[in-house]
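So the protein sequences, as listed, match chains S and L. Start counting the first sequence at 1; every next residue gets the next number (the working numbering). Start counting the second sequence at 1; every next residue gets the next number (the working numbering).
Be a bit skeptical, because a hint or two may be false.
Interface residues of chain S toward chain L, partial, derived using beta-carbon atoms under 10 Å [as the list claims (entries may be wrong)]:
1) V2
2) K7
3) S27
4) K46
Taking lysine to aspartate or glutamate and the EDC-like style, the derived pairs with C-alpha atoms no more than 16 Å apart in a straight line are [stated by the list, open to error]:
5) K7(S) / E236(L)
6) K207(L) / D168(L)
7) K472(L) / D168(L)
8) K207(L) / E12(S)
9) K207(L) / E49(S)
10) K178(L) / E202(L)
11) K93(L) / E72(L)
12) K7(S) / D38(S)
13) K7(S) / E63(S)
The hints are simulated quantities; they were obtained by calculation from the structure and are not laboratory data. Backbone N, C-alpha and C fix where the C-beta goes; we use that ideal spot for every residue, glycine too.
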Amino acid sequence: MVANVWKVVVSEGDAVDEGDTLVILESMKMEIPVLAEDSGVVAQLKVAEGDVIQEGDLIAVIE
Amino acid sequence: MATLQIRPSGSVGNGRGVRAGDPHKVGCVFDSVLVANRGEIARRIIRTVRRMGLRAIVVHSEADAELPFVAEADEAVLLGPASPAQSYLDVSKVIDAARAAGAQAVHPGYGFLAENAAFARAVVDAGLVWIGPDPDAIERMGDKINARNLMEEAGVPVAAGTREPVTDLAGAVRAAEKIGYPVMVKAAGGGGGIGMGVAHDEDSLAKAFEQASRAAARFGGAEGAGPAILLERYIERARHVEVQILGLADGTVIALGERDCSVQRRHQKVVEESPSPGITPELRARMLAAAVRAGETVGYRGAGTVECLVDADAQDFVFLEMNTRLQVEHPVTELVTGLDLVEHQIRIAAGEVYAVETRPSGHAIEFRVYAEDPKRFFPGPGKIDVWEEPSGEGVRVDSGYVAGNTVTPFYDPLMAKLCVHGATREEALGLARTAVAAFRVEGPKNNLPFCAELLDNPEFMTGDYDTGLVSKMRQAR
C-alpha cells in the first residue's frame, strides 16, 4: 500500500499509550490512523506531513 | 474494452420526433464538451458525448496521462501534478483548459468539482454551458443542514436532527440528548460518507464529533469559524434507497425509479440495485412523489438523486440528502429504464424541450470493483498486470483502466463498475455470479472476492438486508 502522511499527531518526546494515534495516513481518499502498538515515549519520528510512504516503511520508534 | 450497452428507448418524445437512442446533435447550442473528471466516469461521459456527434475534451493530471480516458478523448489538456488540489480541484486551471481547448460546455461527472457551486458559476461566467443544475440549487442542497430544513418545509419527511449547525462538542452532547441516541454525526458540507460516524453514547460522540470536524475542515469552511456539524437520529436496520430524478428544460421534474444502495462499507456504497427488493409499491410511490417535490422545491434541472433512509419494518422513509449531479451508480437506472442519463443531461443543458417516458423493465445490479483488499477494505493501489472484463448479454462494464495501467493512491479506489441486467432479480444474480467469476484483475488488491462472497450470502440472495450487512458479514467470519 502506498499512502501519504496526512497528519502527524505526536511529536518526538511525547508519552503515548497503546492504541493512541501516532499519524494519520491517507490513501485513495481514506484516512488510515496508525496506532501505537505499545505504551512508551516517541523516541524517533521518521515521517513528516506530506511524505509518501510504502508498506513496511518505518514511521516512528517508541521506547 | 468496456462495453456500454445502452438500448435505445422506444417511447421517448412527445411527437417532436426525438428519440433517445439516435445520434443527436445539440450543435445549435454547443458542439464540444469538456469532461472535468477522470477514470471510469470520464470514459463513460466521453462515449455519449462522441455518440452525440460532439467533440470530447478531457483534463487530466500527470499521474493519469496513461489512462484510457485521456486517449479516448478528442483532445486532452494536462492540468498539473497528481494532487487533486493541483489538478482536478483547481477551478481556474480547469476553466483555463476549457478556454484553451475551445470547449463550449463542461460536464463535471461526480466528485471533485461536481457539487461546487463556485465552479458552476465560474463555468457560466466564462461563457460556457454548465451541464448540471443551477448553481443556486447546488448551493441550497450542498449544505446538509440547509437541505434538511428545506425538505422539511416542503413536506418531505426528515429524521429528528439539528436545524442549526453544531460547532462544538458541548453543543453536540446537548443535541444528542435531545434527539436520543444513537445519532449519526456528519459534516454539513461533507460528502461521499467521509467523516461520518455513529455515536451510541457520550463517549463515542466525542470521537465521532472529532472525526466529522476533521472532515469539515478538509471540505473547507470559513477559516476559524469552527466546524459545521449535523446530528441526526440514526436509524438502525435501515436500507439506503435513493430516487433518480430528472429536471427537464421546461421545469417538469420526473422520477426514474429508485436504487437500493444498502450494501455499504464505511458508509460508502459497494453494490446498488434497482428495483429495491425492500420496499412495497405503495412506499415506492410515496418516495418517488417526495423526490419529485424535493426537485421542484429547488427548481432542479438535469439529473439528480434524492437519497433516503428506509425503515424496512415500518415501510417508512426519511430524506437523507440530495446529490446534485450524476451518481456513480447511474448505470443501474440506465439498464432498467433504457435511458442514457448523460445524453439527457446534455440535452437538458442545451435547453432542448421534450418529454421523457419510460417503461422500466427487469432488474439491474451494479458491483463497484475497488482497488482494496476484500477483507478489511484497505486501499491497495498498484500496477495492473492482468485486466480481463466479462462481457455478454445483460453485462455492462464501465471501467477506468486497462492492463498495464497503474492505480495510484491519489484518487478514490473505484476501478470499474460491473453491471448486470436480467428479467428478474434471480436472473440478474445468476448473471452476476458468472460475470464476477469471469472478471480477472491481477496486480492491485481488489474486492472481486468480496463480490463473490456477497453473492453467496443468504441475506443478499433473498434481498432481506440492510446497511449493516457488510459489517455483519465481517463479524461472522
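Among all the numbered hints in the text so far, which are the ones the structure does not match? As far as the earlier hints go, 4, 5, 7, 8, 9, 11, 12, 13 are violated by this structure, in ascending order.
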